[in-house]
Amino acid sequence: MKTFEEKWTAWLDDQLTGKELADFEASLPDKEAAEAEKRDATKLGTLLKQELGAQPFSNEEFFNHQLRERIARENAQDQHGRGGERSTWWTVPRLVWTGAASLALFMICAVAVMREKAPSERSEYLTQILNMRVDPVVSPNATVSVFETKGDRVTVIWTEGLQSLPSDYAAK
Amino acid sequence: MRVRRSLLLAGLVTLAMIVAPSATAAHVVWSGLVIAQNVPEPAPIPQELTHIEQTLKSLFGYNQFQVIGQSSKTLRTGQEDWLASSKYFALHVDAQGETDAGYTVKLKLYKELELLLETDAKLSTRSPLVIKGPQVGDGQLLLVLLVNDDERTEQSPHGHRHAANQANPVVTAWRRLSRAIQDVLP
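Residue numbers (my numbering), protein chains in the order written: chain A, 5 to 176; chain B, 198 to 383.
So here's chain A without its partners, still in its complex pose (with noise of 0.2 Å):
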């Protein structure tokens, strides 16, 4: 069932038929008016096909238009992507200078501690002798004494008084 101003719009275009037109017009309350807007209608609608029809692109500007679209998309897809990898904090230049400031960290520790003592031949490459006890009881007389030889730096311990032992305490 079509509601009046289907009726009504399909009138105007001329797209009522037979018994549907005669009684359409029949329901008009003023047919005179009714035909006067009809045919206002129908030259406004003329009009505007004349004035406003659609304007054809030309080549170029078609072309410039589908550019932009690209380049618009493509812009979008960047900023995109680079909004993803934003949300990664260790990117490859991160990583890169995270591992260049550790490198320079640990020189300068390195350096810094390196320096703030540096190695005196007696206390880093010698053999030292902390502390040294003989038996007393055992070895009443004995002495010892500490020294380091020159050529290749052998630390020797010399003792003197120790009790003698015979010869079968050199077995294997």
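Some hints could be false.
Unchecked claim - Lysine to aspartate or glutamate pairs mimicking EDC-like chemistry, simulated, CA-CA at most 16 Å apart:
#1 Lys47(A) <-> Asp18(A)
#2 Lys6(A) <-> Asp34(A)
#3 Lys11(A) <-> Asp27(A)
#4 Lys329(B) <-> Glu152(A)
#5 Lys329(B) <-> Glu10(A)
#6 Lys11(A) <-> Glu41(A)
#7 Lys308(B) <-> Asp139(A)
#8 Lys254(B) <-> Asp156(A)
#9 Lys305(B) <-> Asp139(A)
#10 Lys176(A) <-> Glu309(B)
#11 Lys329(B) <-> Asp17(A)
#12 Lys53(A) <-> Asp17(A)
#13 Lys6(A) <-> Glu29(A)
#14 Lys154(A) <-> Glu250(B)
#15 Lys308(B) <-> Asp172(A)
#16 Lys270(B) <-> Asp291(B)
#17 Lys42(A) <-> Glu65(A)
#18 Lys284(B) <-> Glu309(B)
#19 Lys329(B) <-> Glu250(B)
#20 Lys42(A) <-> Glu10(A)
#21 Lys284(B) <-> Asp172(A)
#22 Lys254(B) <-> Asp278(B)
#23 Lys303(B) <-> Asp278(B)
#24 Lys329(B) <-> Glu315(B)
Derived by calculation from the structure, the hints in this document are not laboratory data.
Please read these numbers as outputs of a predicted model, since none were measured by experiment.
With chain A's structure known, arrange chain B on it following the hints.
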């Protein structure tokens, strides 16, 4: 968030610095009981003593050096202890930690169960230790301790100790740094 990540990174670096030196410090300590004697036809000096042969001969005046007991111990933690023993003597070596240039050790020489002498020493990788022990018959008991680099010993067992004994300044600095951090940490 960034602060947390930075702290995590710093923690990992610190952990690596603490762990790394102990992982790389692997030395073999050779400890031997040696009888020095003068004999008409001296036997060749044991391989372990070749590089200090002239020093031993000139210091003690003997022409033969015979190993009667020995032990080679690979130090991983610097806290190991071991025994080099002969029939009557035993040398107990108790490593008590690593130093910049070697290890701190406590040495005890026993004649059977009797303690003859004891000493605490900082044993350097570049400096062998020789202890003159008691007179045994017409000879002399010597105690010798040498620190060798583990890898070098496996690859070249016939000497050339000098290169291995060079102290690496970077390694030394690394150890000092890690020790400083260990001292600071609770």
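Right, here's what the structure says about each hint:
Restraint check: the Cα-Cα separation between Lys47(A) and Asp18(A) comes to about 14 Å, which is no more than 16 Å; the hinted pair holds. With a C-alpha separation of about 21 Å, the suggested pairing of Lys6(A) with Asp34(A) is violated against the 16 Å cut-off. A threshold of 16 Å between alpha carbons decides the hint, and for Lys11(A) with Asp27(A) the separation of about 10 Å falls inside it, so the pair holds. For a cut-off of 16 Å, the pair hint linking Lys329(B) to Glu152(A) stands: about 13 Å separates their Cα positions.
Between the alpha carbons of Lys329(B) and Glu10(A) the distance comes to roughly 126 Å, so the proposed pair goes past 16 Å and is violated. For the given pair, Lys11(A) sits about 15 Å from Glu41(A) by alpha-carbon distance, which is consistent with the 16 Å threshold. Only pairs whose Cα atoms come within 16 Å are accepted, and Lys308(B) paired with Asp139(A) is accepted, the gap being roughly 12 Å. About 13 Å separates the Cα atoms of Lys254(B) and Asp156(A), which keeps this hinted pair within 16 Å; it holds.
Of the pairs offered as hints, the one joining Lys305(B) and Asp139(A) holds, with about 11 Å between alpha carbons and a cut-off of 16 Å not exceeded. Restraint check for Lys176(A) and Glu309(B): the C-alpha separation of about 13 Å stays at or below 16 Å, so the hint holds. Distance restraint check for Lys329(B) and Asp17(A): the Cα-Cα separation of roughly 129 Å exceeds the 16 Å cut-off, and the hinted pair is therefore not satisfied. Simply put, Lys53(A) and Asp17(A) have alpha-carbon atoms about 15 Å apart, close enough for the 16 Å limit, and the pair holds.
With a CA separation close to 15 Å, the supplied pair Lys6(A) and Glu29(A) stays within the 16 Å bound. Restraint check for Lys154(A) and Glu250(B): satisfied, since their Cα atoms lie roughly 14 Å apart, inside the 16 Å limit. Of the supplied pair hints, the one linking Lys308(B) and Asp172(A) holds, its CA atoms being roughly 12 Å apart against a limit of 16 Å. For the hint pairing Lys270(B) with Asp291(B), the CA-to-CA distance comes to about 11 Å; that is within 16 Å, so the pair holds.
About 40 Å separates the Cα atoms of Lys42(A) and Glu65(A), which puts this hinted pair outside 16 Å; it is violated. A threshold of 16 Å between alpha carbons decides the hint, and for Lys284(B) with Glu309(B) the separation of about 8 Å falls inside it, so the pair holds. For the proposed pair Lys329(B) and Glu250(B), the alpha carbon gap of about 15 Å is at most 16 Å, so the pair holds. Of the pairs offered as hints, the one joining Lys42(A) and Glu10(A) holds, with about 14 Å between alpha carbons and a cut-off of 16 Å not exceeded.
Distance hint between Lys284(B) and Asp172(A) is fulfilled; the C-alpha atoms sit about 9 Å from each other, no more than 16 Å. Distance check on the hinted pair: Lys254(B) and Asp278(B) sit about 30 Å apart at the alpha-carbon level, beyond 16 Å; violated. Note on Lys303(B) and Asp278(B): the hinted pairing holds, with a Cα-Cα distance of about 9 Å set against a maximum of 16 Å. With a C-alpha separation of about 12 Å, the suggested pair Lys329(B) and Glu315(B) falls inside the 16 Å cut-off, and the hint holds.
The structure fails to meet hints 2, 5, 11, 17 and 22 from the earlier list, while all remaining hints are met.
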